[in-house]
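Chemist: Spelled out from the first residue to the last, the chains are:
Number of protein chains: 2
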Amino acid sequence: MWLYFFGRGEVMDEMKLSDRKKQILKSIIDAYIDSGEPVGSKNLAAYGNISLSPATIRNEMSELESLGYLDKPHTSAGRVPSAQGYKFYVDQLNEDYRLGVEELELLGELTRFKTAQVESVIDRANKIMSGVTKYAAVSLARNENAGTVKRFDAVYIGEHSFLLVMILEDGSAKTSQLASEFTLTENDVRKIKELLNANLCGVVLDKIPLDQMMALEDAFGKHRALVGKILRAAYSVTRGDGTSDVKIDGLTNLLSYPEFSSVEKARSIVELAESRKGDIRKLLEFSEVGEEKGLSPVISDENGMKIFFGEESGDGALADTSLVYCSFPVGNTNAVIGILGPKRMDYKKVVASLKFLARSMGENGEALLPDGSKRIDGDAE
Amino acid sequence: MWLYFFGRGEVMDEMKLSDRKKQILKSIIDAYIDSGEPVGSKNLAAYGNISLSPATIRNEMSELESLGYLDKPHTSAGRVPSAQGYKFYVDQLNEDYRLGVEELELLGELTRFKTAQVESVIDRANKIMSGVTKYAAVSLARNENAGTVKRFDAVYIGEHSFLLVMILEDGSAKTSQLASEFTLTENDVRKIKELLNANLCGVVLDKIPLDQMMALEDAFGKHRALVGKILRAAYSVTRGDGTSDVKIDGLTNLLSYPEFSSVEKARSIVELAESRKGDIRKLLEFSEVGEEKGLSPVISDENGMKIFFGEESGDGALADTSLVYCSFPVGNTNAVIGILGPKRMDYKKVVASLKFLARSMGENGEALLPDGSKRIDGDAE
DNA sequence: TGTTAGCACTCGTAGTGAGTGAGTGCTAAA
DNA sequence: TTTAGCACTCACTCACTACGAGTGCTAACA
Chain F
0 MWLYFFGRGE VMDEMKLSDR KKQILKSIID AYIDSGEPVG SKNLAAYGNI SLSPATIRNE
60 MSELESLGYL DKPHTSAGRV PSAQGYKFYV DQLNEDYRLG VEELELLGEL TRFKTAQVES
120 VIDRANKIMS GVTKYAAVSL ARNENAGTVK RFDAVYIGEH SFLLVMILED GSAKTSQLAS
180 EFTLTENDVR KIKELLNANL CGVVLDKIPL DQMMALEDAF GKHRALVGKI LRAAYSVTRG
240 DGTSDVKIDG LTNLLSYPEF SSVEKARSIV ELAESRKGDI RKLLEFSEVG EEKGLSPVIS
300 DENGMKIFFG EESGDGALAD TSLVYCSFPV GNTNAVIGIL GPKRMDYKKV VASLKFLARS
360 MGENGEALLP DGSKRIDGDA E
Chain Z
0 MWLYFFGRGE VMDEMKLSDR KKQILKSIID AYIDSGEPVG SKNLAAYGNI SLSPATIRNE
60 MSELESLGYL DKPHTSAGRV PSAQGYKFYV DQLNEDYRLG VEELELLGEL TRFKTAQVES
120 VIDRANKIMS GVTKYAAVSL ARNENAGTVK RFDAVYIGEH SFLLVMILED GSAKTSQLAS
180 EFTLTENDVR KIKELLNANL CGVVLDKIPL DQMMALEDAF GKHRALVGKI LRAAYSVTRG
240 DGTSDVKIDG LTNLLSYPEF SSVEKARSIV ELAESRKGDI RKLLEFSEVG EEKGLSPVIS
300 DENGMKIFFG EESGDGALAD TSLVYCSFPV GNTNAVIGIL GPKRMDYKKV VASLKFLARS
360 MGENGEALLP DGSKRIDGDA E
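Chains as they are written, first to last, in numbering that gives the first Met the number 0: chain F, 0 to 380; chain Z, 0 to 380.
Treat the hints with caution; some may be incorrect.
Said to hold, decoys possible - Taking lysine-lysine and the DSBU-like style, the derived pairs with C-alpha atoms no more than 35 Å apart in a straight line are:
#1 F:K192 - Z:K126
#2 F:K246 - Z:K192
#3 F:K246 - Z:K246
#4 F:K354 - Z:K246
Keep in mind that the hints were calculated from the coordinates and are not lab data.
Everything numeric in this text was worked out from a predicted model, so none of it was measured.
From just these sequences and the hints, can you work out the full model?
Modeler: Next comes the structure, spelled out in structure tokens:
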């Protein structure tokens with residue numbers, strides 16, 4: 000059973016619906032997801048497996064509409080599911096969807112990559128998910144600001160540059176290659192490392208008092224100019240907008256759906272991916288931040304699977320989209336992967352794929368410690 | 000003067016053209032770049048500063064067409080520049096274009112970023128270029144395969160992971176966070192570093208004999224499983240497709256031009272950016288690789304500024320685009336930045352902006368050694 | 001009382017065809 | 001050599017029509 004988070008906190012109750020209404024609603028949404036076009040009573044009677052006349056279906060449709068589950072684009076068009084309708088639909092999704100052979104094949108790649116580098120696991124998962132679902136996949140590699148640098152290291156590269164390594168609270172390592180005006184020796188670099196560890200570990204960088212910073216600069220001697228660069232690098236790693244942790248794949252997939260066939264729509268979705276990664280980050284982080292931007296309601300089930308309906312966000316780019324997402328452990332931290340698709344996307348398949356992903360990443364607690372013999376059992380539920 | 004690289008190596012000669020023809024051709028292209036629509040004789044007579052009657056202009060146009068400088072979309076439309084026409088046009092571009100105040104303002108940002116981290120300089124430059132030109136900017140951070148790893152380093156992160164640092168021939172540093180199944184100590188990591196430096200420096204990784212690799216695994220002891228991971232990381236860094244070095248910004252800009260107003264066009268250009276970075280890399284690397292894919296001809300001037308006409312590549316996504324690009328030193332290596340726009344893009348402005356960029360990055364030989372007092376003199380030529 | 005057939009009505013869409021206007025090429029006069 | 005005039009082309013716009021999928025209502029039926 001899914002939980003509903005509404006703006007006003009109420010919990011929805013569709014138990015009013017008769018079984019027949021449920022069946023009809025479900026058929027309508029299935030048909031709509033399939034075709035992308037408003038579905039009418041006649042077609043539903045003919046191709047949906049409902050043994051009722053179009054007229055009866057019409058009556059039911061009309062009631063479903065007044066109950067808020069369906070919308071009408073215009074008088075003489077068929078019906079289209081409303082956000083409420085979609086919510087009902089995903090709630091009924093418990094019946095399992097069996098992933099196809101090719102889908103399982105692709106998802107199987109995941110287990111192969113569990114042994115690879117930390118930073119690329121999520122990347123690969125993201126690409127694979129976009130390939131499997133044929134929608135866009137969005138991922139967030141680190142879902143909180145890391146706060147402070149736990150430990151510094153510095154690697155000598157050459158006379159004029161070194162690599163600053165910052166190990167964060169969550170065990171992830173960030174690096175930044177820095178250049179110096181003055182000649183650097185290996186010894187200089189070692190000293191820099193020691194100074195940083197002595198002075199900046201666990202320090203919230205925007206709260207450094209000026210005198211402390213000046214003292215640090217003095218300790219750097221002729222390399223004092225580096226202090227600013229280092230602080231800037233550390234700051235952007237701990238306090239940065241984190242947009243580099245947001246990855247998007249499969250935009251092209253998205254553009255092939257009719258809901259993005261106008262250039263404006265396409266443009267707004269490309270813009271989202273190109274210059275609004277911060278917003279996507281907020282979306283994936285869910286919770287308060289999203290709430291304040293009107294990015295709720297969202298529904299969520301007991302497996303941590305969450306669904307966001309873009310329609311209700313008031314955001315133009317997201318208007319016709321939905322996002323299904325969930326988080327799971329990767330290394331010492333958490334990753335979030337979501338599928339962004341048209342709001343009429345194939346929820347069954349998407350939910351099944353994400354569940355498969357979450358299970359194969361999270362099953363052993365620590366996804367990056369390979370167990371070598373991971374099986375694929377071919378069933379997604 | 001620009002040099003022309005043709006498929007068959009011939010050098011073009013437009014000296015045949017009378018001054019009047021040149022003037023008319025130039026006006027037509029200016030008008031077309033401005034409006035994006037075929038330009039007719041009447042309009043040209045009215046708004047271009049040519050004191051000839053439409054009829055005369057028509058005669059000249061007709062001759063320019065048969066000489067191959069102009070094309071006609073259909074009988075009763077105006078004329079449109081052909082690839083040859085564009086080539087003539089950019090060749091005449093010597094007359095300088097003065098960048099506007101806002102443009103200079105934006106470009107001025109470049110000098111501020113000269114002091115920042117190595118890896119982000121090109122990123123920022125790319126973003127700024129797309130902002131200034133209102134087209135897409137593409138950049139290549141490293142224009143050759145690095146060959147081998149010059150030196151290894153390893154930074155202990157925690158009990159189950161460490162950061163592998165690979166310093167390449169060109170002085171750039173690449174890192175990869177690796178996880179180990181068995182508990183790691185700082186000492187283990189130090190030993191790993193020594194083993195790598197003793198065995199893999201300067202080694203072409205795909206030519207390691209099996210016995211050597213087995214010996215290395217033995218030396219790793221219980222951490223033998225790491226050898227494979229390390230080799231894979233090093234291989235992808237030295238021999239990888241290098242697509243992560245290709246950055247694209249301003250796709251959204253591109254989508255607002257009418258030549259990309261069909262979804263198919265938009266899709267193909269998004270696809271190019273999303274999953275064909277390898278091709279973009281080849282383009283920016285120019286030379287042989289491009290040649291073999293039919294990615295020539297290209298014209299090039301004495302400042303290293305190059306222009307590629309997508310029309311002639313036979314590549315659908317590039318069909319309506321041009322790419323103006325040039326390379327300049329960043330740190331110890333070379334970067335290439337290009338502007339990808341509709342083939343009727345504002346070459347004057349783009350060339351001026353790129354020249355400004357190349358000059359402010361390359362002027363001091365070593366762009367990453369700040370001189371603190373870089374001036375902006377407000378003239379682009 | 002629930003279900004269905006019939007029918008009038010709505011409304012988006014595809015197709016048609018006349019009108020418009022920007023553009024060309026040709027010819028003959030200046 | 002330049003220009004005015006003229007016939008012709010052709011994409012584009014717009015009003016109009018026909019079509020058809022769909023609805024809602026009413027009355028008959030099981």
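Chemist: All hints, please: hold or fail.
Modeler: Do the hints match the structure? See the list:
1. F:K192 - Z:K126: Between F:K192 and Z:K126 the Cα gap is close to 32 Å, so the pair holds against 35 Å.
2. F:K246 - Z:K192: holds, 31 Å
3. F:K246 - Z:K246: Judged against 35 Å, a Cα distance of about 14 Å means the pair holds.
4. F:K354 - Z:K246: Given pair F:K354, Z:K246 holds - Cα atoms ~32 Å apart, limit 35 Å.
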